[in-house]
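Asker: I would like the entire structure built from these sequences, with the hints used as guidance.
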Amino acid sequence: MLVELGHFALVLALLVALVQGTVPLVGASMRSRPLMDLARHAALLQFGLVALAFAVFMHAHIVSDFSVRNVFENSNTAKPMLYKVSGVWGSHEGSMMLWVLMLTLFGGLVAAVGRSLPRTLRARTLAIQGLLGFGTLAFIIGTSNPFDRLFPVPADGRDLNPLLQDPGLAFHPPFLYFGYVGFSITYSFAIAALIEGRIGAQWARWVRPWSLTAWCGLTIGIAMGSWWAYYVLGWGGWWYWDPVENASFMPWLLGTALLHSAAVVEKRETLQRWTVLLAILTFGMSLIGTFLVRSGVLTSVHSFAVDPTRGVFILVLIALVIGGGLVLYALRAPGLETGNPFVPVSREGAVVLNNLLLCAGMATVFLGTFYPLFAEVWSGAKLSVGPQFFDATFVPILAPAIIAMVIGPVLAWRRGNLTATLQRLLPAVLGALLAPLVVFAFDRDAPLAALAGVALAVWAMLGVLTDLADRSGFVKQPLGTAWRRLRHLPRGTWGYAIAHFGVGVLIAGITVSTAWRSERIETLHAGDTVEIAGRTLRLVGVTEGDVANYHAQRAQIVVERPGGAPITLYPERRWYPVARSQTTNTAIATNGLGDLYLALGDPDGQGGWVVRAYYNPLVPWIWFGALLAALGGLVSLSDRRLRLRLPTARTAVAITPSGSADN
Amino acid sequence: MIRRLFFMAVLAAGIGWPAAQAVEPSERLADPALEARARSLSQELRCLVCQNQSIDESNADLAHDLRVLLRQRLAAGDSDRQVLDYMVARYGVFVLLDPPFAPVTYLLWLTPPLVVLGAGIFLVLRARRRRPHADPPALTDEERARAALLLGERG
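Taken in order, these protein sequences are the chains called A and B.
Everything in the first sequence is counted per the working numbering, starting at 1 for the first residue and increasing by one.
Everything in the second sequence is counted per the working numbering, starting at 1 for the first residue and increasing by one.
Hints listed in this document are in silico derivations from the structure and should not be mistaken for laboratory results.
Glycine residues also receive a C-beta, built at the ideal position from the N, C-alpha and C atoms.
Treat each hint with caution, since some may be false.
Claimed, not checked - Estimated spans, in silico, between C-beta atoms of each pair: (1) A:T543 <-> B:D65: 29 to 35 Å; (2) B:F94 <-> A:Q202: 51 to 57 Å; (3) B:V124 <-> A:A469: 30 to 36 Å; (4) A:Q202 <-> B:P100: 49 to 55 Å.
As the list claims (entries may be wrong) - Below 20 Å or equal to it, Euclidean Cα-Cα: the simulated SDA-like pairs (lysine to any residue) are: (5) A:K382 <-> B:A89; (6) A:K84 <-> A:P577; (7) A:K84 <-> A:F175; (8) A:K382 <-> B:R90; (9) A:K382 <-> B:L110; (10) A:K382 <-> B:G92; (11) A:K382 <-> B:W109; (12) A:K382 <-> B:A75; (13) A:K382 <-> B:Y91; (14) A:K382 <-> B:A147; (15) A:K476 <-> A:L422; (16) A:K84 <-> A:P154; (17) A:K382 <-> B:V88; (18) A:K382 <-> B:L125; (19) A:K382 <-> B:L123; (20) A:K382 <-> B:F94; (21) A:K382 <-> B:Y106; (22) A:K382 <-> B:V104; (23) A:K382 <-> B:Y86; (24) A:K382 <-> B:R28; (25) A:K382 <-> B:Q43; (26) A:K382 <-> B:L48; (27) A:K382 <-> B:V93; (28) A:K267 <-> A:V343; (29) A:K382 <-> B:L84; (30) A:K84 <-> A:A170.
Answerer: What follows is the structure in structure tokens.
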């Protein structure tokens, strides 16, 4: 009964979405207030209905209602409660439910907090969001109904893929989807602006916080996914250039470009058309990513979503969303106002450069991801595009972006002076030149790429510190004054500083962990020892036992290092009998500067066990840096200037003098 | 990521493939230099039955066989090139994770530099088209006096 209620709510949401996607558009062109205001109520109602359906679906998972096919296929009574909840989005149907929940959440949020938006813009934005909801709900109800029943009702379920039964993965999809789908609202804003034919600073004031919100979610989601891959897959890798990773990385790259260009629109009223285009493409990439993951196009028979109707449906949706958006753009963009002029060497110029590099990087990832598919379709050739391709193309394209990332914020708006800027950044310049030399002095075998990475990391981190010191006057002012000024820098400035510093930390983590990791793979008997990175590992023994829904083999390994207390780690292998699969549960000891990473391998049949030990220096900095970047975004969001308020008459007057002087 | 996992799980359920773990101690060559070459080569070779994994990372039976085969070729005195050619002859270009520069991959390898070049040309043209605007006209004496007054108030 409850399940039917959920199903009904979903169908009702589809109808509400249809109304939300059409009536307000008509209302906006007729200037009819009641019709326009319908958008708000419809968006809230649509969110409520989808949330109800989602709650019912989750309830079915929690109480293990195996009459629902999806629960039977992805759950089991013995499964721990945490994974009964997270199992909701562990399947295709469930992840699409999460997708549409996020989509309607963003629509509902704009309806709830968007009171000060111009009425027509709000109505049109919500209408576009409604159409997106209509497409997704039609997809779910038509091809991936989560409420399909099963009769006769099975006694127990098939259990969730054990690799997904992990706290890291339990919380990773909600963040990822929050970001992924969050860009739908910037898309809707862009389309609404194209329909209106006007893009002003007000529009950017709205788009920027939303793109920043989505971006923060996506950043955290990708970081969590990568961290999970690192500790679950058992050999210490953290990024594989896997199509599914690329699917989330492509919208991230464009979203990063989008939030920077949106900031330029807001502050300088220029780059409007480019920003609208980016907003369309960013969400387009989110959809293409969904297509990649959900249609099974890249692995054909091997994918778990083998049904081609899904792929075709999403393709049509992509064609409508991206194609429709681009056609509208081609028709309307020439009529949009041209922005304020600026010279190439200026803060705007730096953002343009970074945008282009981010887009070129995105194009490279796109090409590498889809090329095997294209090649097979065109010439029948089966070929692989592995990490080597991405390392050889993406990394060199993004390296100059890191250089520009430090210079840009120090340059003046409109017309900058590169020489003077580099002089202000002198400590960072010197640091970036010296650091690789110091590293080289310690390790003559250091690869060139690692030295370049060290230089970039130091450049990014020192660059931000130099700029902060400069902005607060640490050299010229008394210490107290400078300290006070530093504390009172705008939140937006702090946000930029934290995020850009995080990028430096991230690069340091990537570079050092890749270039200087060490590895020992040995067969150990109880009592045997092995040395790695100055530590001695001793296998005490391996115990076996049944826990919850799996059988565990657990090694006890004592780690000793000179001058430190010994610690004990327990790497584990788990056998899930219902799902019939084996997982590795690694044991990681971290001190923030490096991870000792242990994984238990196969027994050799003579009392010995394969033990894989890795020492990954600075590897935690990868996720620490990514989280700093997301934190920077959140700090930026908390800036008073971004509190979703449009400039009132008073503030508008207050900013006139500086504005007019610039023009 | 998730999809690859599903694939791995499907495979694990089907053929009893244990979770991702690579190189076994028993496979290793005695000569460290040769073993180092084997490791670096095995990162360039695809595990053909896996989703986007090299034979260095995968514990599929096939990956194990390929690792052993690769080491046999190296021990027999093959150069890196010869080993890769041997693998391509047996399994096709699909086995190479690092796609070679060949007619079928011209588009793949040439597009990124062309995109960057195109972006560069775009920037140069844009800079040319929008000549740096002349500075705003110099201030009149009256404006200068007002500016001094305003600035004086703040400083």
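Asker: Each hint: holds or not?
Answerer: Hints versus structure:
no., hint, verdict
1, A:T543 <-> B:D65: 29 to 35 Å, "holds (32 Å)"
2, B:F94 <-> A:Q202: 51 to 57 Å, "holds (53 Å)"
3, B:V124 <-> A:A469: 30 to 36 Å, "holds (35 Å)"
4, A:Q202 <-> B:P100: 49 to 55 Å, "holds (53 Å)"
5, A:K382 <-> B:A89, "holds (14 Å)"
6, A:K84 <-> A:P577, "holds (17 Å)"
7, A:K84 <-> A:F175, "holds (18 Å)"
8, A:K382 <-> B:R90, "holds (14 Å)"
9, A:K382 <-> B:L110, "holds (19 Å)"
10, A:K382 <-> B:G92, "holds (8 Å)"
11, A:K382 <-> B:W109, "holds (16 Å)"
12, A:K382 <-> B:A75, "violated (29 Å)"
13, A:K382 <-> B:Y91, "holds (10 Å)"
14, A:K382 <-> B:A147, "violated (70 Å)"
15, A:K476 <-> A:L422, "holds (18 Å)"
16, A:K84 <-> A:P154, "holds (17 Å)"
17, A:K382 <-> B:V88, "holds (12 Å)"
18, A:K382 <-> B:L125, "violated (39 Å)"
19, A:K382 <-> B:L123, "violated (37 Å)"
20, A:K382 <-> B:F94, "holds (5 Å)"
21, A:K382 <-> B:Y106, "holds (15 Å)"
22, A:K382 <-> B:V104, "holds (10 Å)"
23, A:K382 <-> B:Y86, "holds (17 Å)"
24, A:K382 <-> B:R28, "violated (30 Å)"
25, A:K382 <-> B:Q43, "holds (19 Å)"
26, A:K382 <-> B:L48, "holds (11 Å)"
27, A:K382 <-> B:V93, "holds (7 Å)"
28, A:K267 <-> A:V343, "holds (16 Å)"
29, A:K382 <-> B:L84, "holds (16 Å)"
30, A:K84 <-> A:A170, "holds (10 Å)"
This entry does not satisfy hints 12, 14, 18, 19, 24, going by the numbered hints stated previously.
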